[in-house]
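Fit chains G, P and B to the supplied structure of chain Z, relying on the hints for placement.
Chains as they are written, first to last, in this note's numbering: chain Z, 685 to 1025; chain G, 685 to 1025; chain P, 685 to 1025; chain B, 685 to 1025.
Simulated from the structure, these hints should not be mistaken for laboratory data. Every value quoted in this text rests on a predicted model; they were computed, and no experiment measured them. Among the hints, erroneous ones may be present.
To be verified - Pairs of lysine to aspartate or glutamate, EDC-like flavour, derived with a Cα cap of 20 Å: (1) Z/Lys1010 with G/Asp996; (2) G/Lys1010 with Z/Asp996; (3) B/Lys734 with B/Asp779.
Number of protein chains: 4
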Amino acid sequence: MRIGVLTGGGDCPGLNAVIRAVVRKGVGTYGHEFVGFKDGWKGPLEGLTKPLGVEQVRGILPRGGTILGSSRTNPFKIDNGVERIKENLANLGIDALVAIGGEDTLGVATKLDSLGVNVIGVPKTIDNDLNATDFTFGFDTAVNIAMEAIDRLHTTAESHHRVLIVEVMGRHAGWIALHAGLAGGANVILIPEKPFDLEKVVDHVESRFRTNYSPILVVSEGAVPADGDMMTSHNELDAFGHVRLGGIGTWLAEQIEKRTGKEARAVVLGHTQRGGTPTAFDRVLATRFGLNAIDAVHEGDFGKMVALQGTDIVRVPLIEATRELKTVPVERYAESEVLFG
Amino acid sequence: MRIGVLTGGGDCPGLNAVIRAVVRKGVGTYGHEFVGFKDGWKGPLEGLTKPLGVEQVRGILPRGGTILGSSRTNPFKIDNGVERIKENLANLGIDALVAIGGEDTLGVATKLDSLGVNVIGVPKTIDNDLNATDFTFGFDTAVNIAMEAIDRLHTTAESHHRVLIVEVMGRHAGWIALHAGLAGGANVILIPEKPFDLEKVVDHVESRFRTNYSPILVVSEGAVPADGDMMTSHNELDAFGHVRLGGIGTWLAEQIEKRTGKEARAVVLGHTQRGGTPTAFDRVLATRFGLNAIDAVHEGDFGKMVALQGTDIVRVPLIEATRELKTVPVERYAESEVLFG
Amino acid sequence: MRIGVLTGGGDCPGLNAVIRAVVRKGVGTYGHEFVGFKDGWKGPLEGLTKPLGVEQVRGILPRGGTILGSSRTNPFKIDNGVERIKENLANLGIDALVAIGGEDTLGVATKLDSLGVNVIGVPKTIDNDLNATDFTFGFDTAVNIAMEAIDRLHTTAESHHRVLIVEVMGRHAGWIALHAGLAGGANVILIPEKPFDLEKVVDHVESRFRTNYSPILVVSEGAVPADGDMMTSHNELDAFGHVRLGGIGTWLAEQIEKRTGKEARAVVLGHTQRGGTPTAFDRVLATRFGLNAIDAVHEGDFGKMVALQGTDIVRVPLIEATRELKTVPVERYAESEVLFG
Amino acid sequence: MRIGVLTGGGDCPGLNAVIRAVVRKGVGTYGHEFVGFKDGWKGPLEGLTKPLGVEQVRGILPRGGTILGSSRTNPFKIDNGVERIKENLANLGIDALVAIGGEDTLGVATKLDSLGVNVIGVPKTIDNDLNATDFTFGFDTAVNIAMEAIDRLHTTAESHHRVLIVEVMGRHAGWIALHAGLAGGANVILIPEKPFDLEKVVDHVESRFRTNYSPILVVSEGAVPADGDMMTSHNELDAFGHVRLGGIGTWLAEQIEKRTGKEARAVVLGHTQRGGTPTAFDRVLATRFGLNAIDAVHEGDFGKMVALQGTDIVRVPLIEATRELKTVPVERYAESEVLFG
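Next up, chain Z with everything else stripped away, as it sits in the complex:
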């Protein structure tokens, strides 16, 4: 068989581990041939390929990013996108595709599957918000990076009697904030799933100072105050007298400073959360996903996504994976709340 591989969406530690496992087992056990598609769905759309064999995947296991490149190109939003993909796959003699990506990339895979393209999906999202799998790779790495930052900030908070706010990734799901906050011993964790009450946050901050310790808050980029109108106070003047918006972390720092009289500083971790070498958890998960995905291709079990359930790698219909977002359940957040303050 001749198999195409592509990676789409934001990069994520573990992508290379999947590619390596797919190719190593595909060549070594099944004798398959591989074609690397560049930059997500842009690759098959425009026929952009690169060689992909045992030589190309050597030494990539510990490396972040993706050797294939990535993009957010969606062929369904491009004229004749699907036709061009089918044509390119035919011209290149591709029998099946392994598509590694998140909601968008797998959404395209799901539709292509229904249009007769042989596709296997491998879930990828740093945010851990894909349904039908217990965890996605990249998430554990992001949480560890955020936790290390929190560990570092504790001593600064204590030394300066300051509030420190760490803004982490998570536009719609608070998994990174929840896990990094629990792991880092944050005094407050704010997630998109539960609009927060600013007064309560301020209470936690003040109660923490009363014990002579300084608070650390972890906040998802997508967290919002319960009272939407409060966002109007979110504006402030910049050095030149202009008003600006600064992200929820910065906004919170300003509000807390104003209400408590304590210095508050925000740190936005940003892209440092998604690059670089994966943790062991992510390398093992990504490798096992890759091994199972190439088995699925070999067995002709298409239209499926590989997934983690407990300690097993299983396959679920692609359509299940993207039907709804996996957000933090109420009881998981409540569990963490008892440690606040």
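Below, chains G, P and B alone, put in the same frame as chain Z:
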């Protein structure tokens, strides 16, 4: 309620996170009081206690080891051991015990439960070989430390065209070797569950050199060659004139050097695998175990052990946890074998 | 003797290592007594003390921040500040002070020395911009944290064909940017000492893309474009249509995006650079500074600052240390420039 | 010019950073051509080369080991070794050599220089024992790895009331032990330069236990007891029946256990100290060495070694570098001794 807490067996990153969660929720949510028992079962046996409250658990989340100390004392092997424990618990007014430990510590807990002591168990083993839970905390930290060592050794192996052998923990179960080996891209992984064929190992080493790359082998301390007689050459005299085993890593290095003519070096990771700050995975798991354990105490749901199943914390009868060792299944090892060589 | 110890200014990994060495040698070798002053010069000013002995310094070597707390209080800007300090020192029976801090803290120490207070200074600045010492502790830790962030961002830049800009600390001196940029293999390094030509920066970015690699830029927070007027273009509209200012990293990202058509993203490392456990270099340097500082106190060699020259710890007059800022010399920047692009 | 580059001796983090800087500046600034020699002096001896240009050095800055390979081949111990090297250099049109290595490699360079070969030396030793340079790259990385291991072992020592002994590299010089021990807060540091008194070591161990803390000892592999006869008990038989040394760490553990009755465990860090990604200090130092070395070649300033003095890169005659070993001075060891116990 007045609750005793103890940690037994080898230390393990995450013990302090459990203690902290138990005490924080116990005091904050339920209003319980706590007594810390020193050094595992030795504490209740000899009435050795230390204060344990919110102040004592501050700042311990990121710290390895256990603030309570540990030991391998088994009260059932000591005259009137059980009676002395019961007496001390009565004298101290202890209503229930939270026992954090591995097979031995939980084995004692199981028997004490059957003798009327209120006990909740929290599983702990760096080796991940406790039944009834998907993972134990400490394991992820150990695997990451081993993986980082393997990452470092790859470049030395390449630069010197040498075989490097990393001996990791795992006397009866090969989980650390399997996961660290997969994560580190080892060329051969040897585990106790499957006695190895030395000739095959040598073949893998030689095939790796033929591709101009240098091999890394990961071996559990409990791995053994299939041909038991070979172990006779494995003996050596120690400083006191007694016969002892030099360790399987060292033995393998000697055998491979002899058979391939290539330099081979063993590194024994030893205690560096079990100390120090826990990973995020272990801190979150240990914290969730602690929160659930104190709920169990509060609900009077004794004789249980908390456990991870998928992403849920559940409770299982203590007796299930220690009935049999959780070893690496044949198919998990086979899965990794396709990446050898 | 009875000796006061204080830490002033921004926190910095290694402060606790100095305190520990001062106290350990002071008590163990010389039999001195110690008083900890809280929060920099605020402590002696307001008579805020905490116990400081061998027990208090146990286990603090690897911890970031300062167990004494810090502040930016300047007694010379407060009515009767100096008199109050002298009075408090007399009341507490303090014979000498060890003042650990940067330009401001040591500036106060210099003046107090001239007014008859026995002071020894220990230099501290994450920015490495104190004259008369080859290095200050904290700098090596900051550079390593920044380098690790750059290492992580390389893979994201490559995978997305994006420009990534890392903004590091350094308002007046570019040492962190220079060393982190060299260590991380940045394609452009911008420092406050040399106003940059935006056109040249854009050229480097484009030449890097021509080789099919993605550029990483490291920029000190204090870097400025050579053409000052360009800063007016630094304004942009926020989500609500308002204009704001964003820091040099964000500004650069906008300019590069506009001029090259490539996506550019800025990451501001902020406080993560100054907290947490120190590197070995910083722990050794801070420990040696502390040991020498207590020797100076014992010898009555006041009005001095300990300093690193080559591999030796020496003492220099306090006044020398703060006379001028140590900035990056032209030739050191030129040395690094040959690696740009 | 056409320049050969080689790396000899044990591998060391930073070798690739030197190679990259030499090639990047050589090609970019001076227009030189390069030839990579494989495996140290074996390369020019046997004419083993590999391509070396800007493409080959891309992305190698953060990687440990050496892309050129290494060996301990000494052409002066091989028949006609020097003649063969000269012949190969002539055939390949090599105008000058950059030799990166330690005592042995630079010793060969020194002799070849005196025989008319154009050589520039770059010092490399993990042990930091090369004269004429303040530091060598690789040392800082080794010290940090050892320190992290010590950090991890502290919690295990405390939890189990055990003595932990960390054996680090350093056959003739105790620099790694001294710096890692200082940085890790070791209770005893033993180095080759000062034969130790076992009774005193036991005293330190016991005094540490009296304060209820558990001791960590750091010992260079080359440390020896003052009473040489004690070493006879140090012998043991290896797998082949030959007498060998079990290592000083293991021997110490046995002695301490026997004399104090406390459990003692040794951890031998071994090769993990010399592989993997370099620290920022080592990457900057190695890069600056490389930049200066290629300047030296360009200027025809042969027979020199680049060196660090204070914060400057200077050049010293090759012969000076290898004349004597740089060991730990008595006063540096005494400085650290006040922190023992």
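Results for each hint:
no. : hint                    : in the structure
1   : Z/Lys1010 with G/Asp996 : 15 Å, holds
2   : G/Lys1010 with Z/Asp996 : 15 Å, holds
3   : B/Lys734 with B/Asp779  : 17 Å, holds
Checked against the numbered hints given earlier, the structure satisfies every one of them.
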